[in-house]
Amino acid sequence: LSSQQKVASDVSFGGVTALLRIPNTAQLFLGTKKGLLYSVDSSVWQSFDDVAQALTTSSCELLTNPESSRKAGYPIYCMDYTCDGSSLFCGAGDRHVAVWNRQARHWTQLQKLGPHTGWVKGLTFNEKTGYLHSIGCNHIESWTLTNEELDSQQWVKIGTSTIDSSPTEGCTLSTDLLCMCLLSLPSSQYLFAGGVDGRIHVWDASSMGESIAAIAAHSGRLNAMMLDSDSKMLLTAGSDGSFKCWDCRDLASALETRSWKPITTLELGSQIRITALSDVVLMSKTMILLGTQTGEVLLVALPIRESSDKTPQVVAKVNVLDDAMIYALCVLPRLTQGKNEDSLTVLVGHSKGVTTCEFT
484 LSSQQKVASD VSFGGVTALL RIPNTAQLFL GTKKGLLYSV DSSVWQSFDD VAQALTTSSC
544 ELLTNPESSR KAGYPIYCMD YTCDGSSLFC GAGDRHVAVW NRQARHWTQL QKLGPHTGWV
604 KGLTFNEKTG YLHSIGCNHI ESWTLTNEEL DSQQWVKIGT STIDSSPTEG CTLSTDLLCM
664 CLLSLPSSQY LFAGGVDGRI HVWDASSMGE SIAAIAAHSG RLNAMMLDSD SKMLLTAGSD
724 GSFKCWDCRD LASALETRSW KPITTLELGS QIRITALSDV VLMSKTMILL GTQTGEVLLV
784 ALPIRESSDK TPQVVAKVNV LDDAMIYALC VLPRLTQGKN EDSLTVLVGH SKGVTTCEFT
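Note that the working numbering has the sequence shown beginning at 484, numbered continuously upward.
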């Protein structure tokens, strides 16, 4: 596998800080550094050129009010959705979560949740409990619906969960959280959050409250995390240039015995700051995409399905734009025209706009 240098960029968005594709609606959302939210239908894309031509401000539908967003200019940092695709959540630098509902193919903003104590850098919706969790500086806010009727939905805050403040463990309440994800096991659920202290903060997602653990993971900021749901591996990346895989299959025991360690690590060097993650199954193998602060996207093969003692390997890379910090990565379904079954089309949100690139 090699990276094909076929790259198309658009800078009219003025920086794209969040990307999300809802599979069952095929709608793609772009959140910008200026606080604008765009939507585009990806179901008709059949070629690389289709994608590149559609990802411009003139081709995408602007959902937010351009005047109100222009005055504030708060970036949209994160997005998530309900499994039926009827609701969209956007966390932003205005310290609020915007809740959007879809009715008859049209999206309307229903409510803004907050204010939080800081920028909302991460959020996740728990389908099992129906709770929405959002980062507020150094803690997690939890929300639930009081009425599920679309016309009268109302989200209310049900609790605030704090990080573990333990000087002996190197944790303080001054630690800002930057990212989060949810793990669902047959008998338990865990919420993970990473922050500027380089630690993985862990909560029991069924009860929340105070965190149950704070695990040292990276020597710098923990910038991105995600879960490989098939292997039950937590994947983390940080400003120290390292990418790590954590086995979550027996997490309760590992936390109790304080023995939870990464099973494998990829070191890119301290001069490389990893800022974004996205996973993909390619050639029946688990791959991970890493985005960096210098505009490079790396495709990494994970050995977790074959042997956990092997080191992840960089198999391809592409430079999106020089000196463009990458904020978000979104893998598109396989395009049908002119592509072999192992080709990969990726959308990259970065400080200068959005780029479409291919791995073949």
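A portion of the hints provided could be inaccurate.
Straight-line distance between alpha carbons at most 30 Å, and here's what the computed BS3-like set of lysine-lysine pairs gives [stated by the list, open to error]: (1) K489 / K517; (2) K800 / K517; (3) K611 / K715; (4) K715 / K744; (5) K595 / K611; (6) K744 / K793; (7) K640 / K595; (8) K517 / K611; (9) K517 / K595.
In short, the hints are calculated from the structure, not lab data.
The hints, checked one at a time:
1. K489 / K517: holds, 28 Å
2. K800 / K517: Cα-Cα ~29 Å, so holds.
3. K611 / K715: Cα-Cα ~17 Å, so holds.
4. K715 / K744: holds, 14 Å
5. K595 / K611: holds, 23 Å
6. K744 / K793: holds, 15 Å
7. K640 / K595: holds, 12 Å
8. K517 / K611: violated, 33 Å
9. K517 / K595: Given that 30 Å is the threshold and the Cα spacing comes to 17 Å, the pair holds.
Comparing the model with each earlier hint shows a violation of hint 8 alone; every other hint is respected.
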